[in-house]
Amino acid sequence: MTPVRRQRLILILLMVAGVGAAATFALKAFNENLMYFFSTTEVAEGKAPKDAKFRLGGMVVNGSIARPDRGIMVRFDLTDYNKQVTVEYSGILPDLFREGQGIVANGRLNEAGIFVAEEVLAKHDENYMPPEVAESLKKTEQLKSEK
Amino acid sequence: MSIIPAFIVRFYHKTASPPFFYNLSNKLLPWFTGIFLILLGYGLYAGLYLAPTDYQQGDSYRIIYVHVPAAWMSLFIYVVMAVAGAISLIWRMKIADVVLISSAPIGASFTFIALVTGSLWGKPMWGTWWVWDARLTSELILLFLYLGVISLYGAIEDKRTASKAVAILALVGVVNIPIIHYSVQWWNTLHQGPTVTKMDKPSIHLDMLIPLLVMATAFKFYYAIAMLQVARVEILIREQNTQWVKKLVENK
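Here the protein sequences line up with chains B and D, keeping their order. Following the numbering used here, the numbering of the first sequence begins with 1 at its first residue and continues without gaps. Following the numbering used here, the numbering of the second sequence begins with 1 at its first residue and continues without gaps.
If we strip away everything but chain D, and leave its shape as in the complex, we get:
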């Protein structure tokens, strides 16, 4: 434990306290919303207007400004859920449970968006809406994993047992994440190989890459905003019988 600075350890333990997390999120939300709107505005303007057209696909390629960030988020949120699941199982931290279950619907939505936008692009470019290649199939499995987490949590009456169950499901499902990422390299697929996240320099022109990275960052902030809002409600429901929530309600 000595490698991690003391103040980080202290902050980590502090965030475990629901009132601290609730108040912290209250302060963070307006900032996150502001940053998100600025990034989204610039990203959409730069991606849809400033970025040059592609030499092969013309303007159709611009769907990557939604498709790629959404697909990255679908993987990122699942990893967050798996880490939260591990923290919840090891440290029995209630906030980790809340983060896990609040993230699931957002992750499912991003996965759905990635699948739908990919399909819309696939019809004119590939000539088909859908193929059962390794990348598309593993991403579809990811959507089912998200839906599994949501329904498993809803199916178990006792929320402490439910949290434990979904934490284990999230950790088991995390093997799918490297499979999705490397599917285009391990097997022949119809889906193209990685453009940005390869060791070599990215195979995308800089004027096209920057709006993509801006959009990806905007999506990260959107996730933080949406997750915190769901988490705050979840915390209030779980802590409704505690002193600090009662005080909060009285002061309103």
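Looking at chain B on its own, in the form it has when it is part of the complex:
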């Protein structure tokens, strides 16, 4: 490599490193804003905004889905396996909504500490498998828990 080319190479590497560093600092500074949702622990500990709308993410707790008024309003608990938050929602639930599913809800907390959602989105996980495999996985897990 000729000295001129080496110099250009070093300049380019410096430029990319500089832009990279700038981007890192910018993303670090806006880290909170880049989070799409609050976890249930953060909400339970009062870190979420009190009077503003925000998004809450978590897993639907098994057996917690209920329709207390026998109407369209559905109530369920969300968890991050640490703390739980109760959510109420009136509207159409997405296809993937079910127990054990990751959910992101948009809404606000009421005085009782219940999260009143205006919108519920399902967060798909990264697992893809045929139904038979899912079935047998479930069975082996049941066997394990029975032992």
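Do not take every clue at face value.
To be verified - Restraint ranges, calculated between C-beta atoms of paired labels, are given here:
| id | chain 1 | residue 1 | chain 2 | residue 2 | range |
| --- | --- | --- | --- | --- | --- |
| 1 | D | L28 | B | N82 | 52 to 60 Å |
| 2 | B | N82 | D | G58 | 27 to 35 Å |
| 3 | B | R5 | D | K123 | 44 to 52 Å |
| 4 | D | T53 | B | D69 | 33 to 41 Å |
| 5 | B | N33 | D | I38 | 42 to 50 Å |
| 6 | D | L48 | B | R5 | 45 to 53 Å |
| 7 | D | S60 | B | S136 | 17 to 25 Å |
| 8 | B | G91 | D | L29 | 50 to 58 Å |
| 9 | D | H13 | B | E141 | 55 to 63 Å |
| 10 | B | A17 | D | G58 | 42 to 50 Å |
| 11 | D | I35 | B | M73 | 51 to 59 Å |
| 12 | B | L9 | D | W31 | 29 to 37 Å |
| 13 | B | A17 | D | L48 | 41 to 49 Å |
Unchecked claim - For lysine to any residue, the following SDA-like pairs were computed, each having C-alpha atoms within a straight-line distance of at most 25 Å:
| id | chain 1 | residue 1 | chain 2 | residue 2 |
| --- | --- | --- | --- | --- |
| 14 | D | K123 | D | Q185 |
| 15 | D | K164 | B | L9 |
| 16 | B | K139 | B | D80 |
| 17 | B | K138 | D | Q56 |
For the record, the hints were derived by calculation from the structure and aren't laboratory data. Even glycine gets a Cβ: it sits at the ideal position worked out from N, Cα and C.
We have chain B; now place chain D onto it with these hints.
Quick look at chain D alone, frame taken from chain B:
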């Protein structure tokens, strides 16, 4: 330089010559087209017909056979453009400029396809067409980077200056690539985490994974075909006053 074998260095310098690149692409194109058609045929058949349905999403998941390869290509092509930009700035290689600018519209198309297919899948699965989470937003920025490269090149009259400008833009924009890839791990997003490209074993059944990888390879070949075709035209335009192009035209 001694770590790189001499014949690779020689080949690298040879491809820098426009007539060599033009003739090489002429020989490669029919092979690439054949391989692409075979891979695409098998990939679509295996992905849409042979692969089992998903335990949660049923048949809707099959959009990954277009969405995921297109999204991978959108990142891959941008990296190719950034590398070509660096080569063009360091070695002043004309072919690198041609590869860079020929790749941009193809990369933009793949990014667009990834965004649209993702949106179509998002409506029934997530319950929304679009959210401003880190993954979706950074991918949208990638589309704007591609469009920026295309329009910057078109806006500057002198093509040598234009090539230098887009090479720098491509290199600056390359910081977005790791951001897109790791966005689902660094921040909470609505978009799911990586399935295939994680250190652990992939969280996808093998019968579903193989068509996905076949489709990804088919898309790579499609990119090579499309890029070479655009590049050949670009080379002829840039070299129209040279001896070898004149000869080529006379022989036709």
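Hints, one by one, checked against the model:
1. L28(D) <-> N82(B): 52 to 60 Å: Holds, since L28(D) and N82(B) (Cβ atoms, about 56 Å apart) stay within the stated range.
2. N82(B) <-> G58(D): 27 to 35 Å: 32 Å, holds
3. R5(B) <-> K123(D): 44 to 52 Å: 51 Å, holds
4. T53(D) <-> D69(B): 33 to 41 Å: Taking Cβ atoms as reference, T53(D) and D69(B) lie about 36 Å apart, which means the hint holds.
5. N33(B) <-> I38(D): 42 to 50 Å: With Cβ atoms ~47 Å apart, the hint holds.
6. L48(D) <-> R5(B): 45 to 53 Å: Taking Cβ atoms as reference, L48(D) and R5(B) lie about 49 Å apart, which means the hint holds.
7. S60(D) <-> S136(B): 17 to 25 Å: 22 Å, holds
8. G91(B) <-> L29(D): 50 to 58 Å: 53 Å, holds
9. H13(D) <-> E141(B): 55 to 63 Å: 59 Å, holds
10. A17(B) <-> G58(D): 42 to 50 Å: 47 Å, holds
11. I35(D) <-> M73(B): 51 to 59 Å: Check passed, 56 Å falls within 51 to 59 Å.
12. L9(B) <-> W31(D): 29 to 37 Å: Because 33 Å falls inside the window, the suggested range holds.
13. A17(B) <-> L48(D): 41 to 49 Å: 44 Å, holds
14. K123(D) <-> Q185(D): 23 Å, holds
15. K164(D) <-> L9(B): Within the cut-off at roughly 14 Å; holds.
16. K139(B) <-> D80(B): 24 Å, holds
17. K138(B) <-> Q56(D): 13 Å, holds
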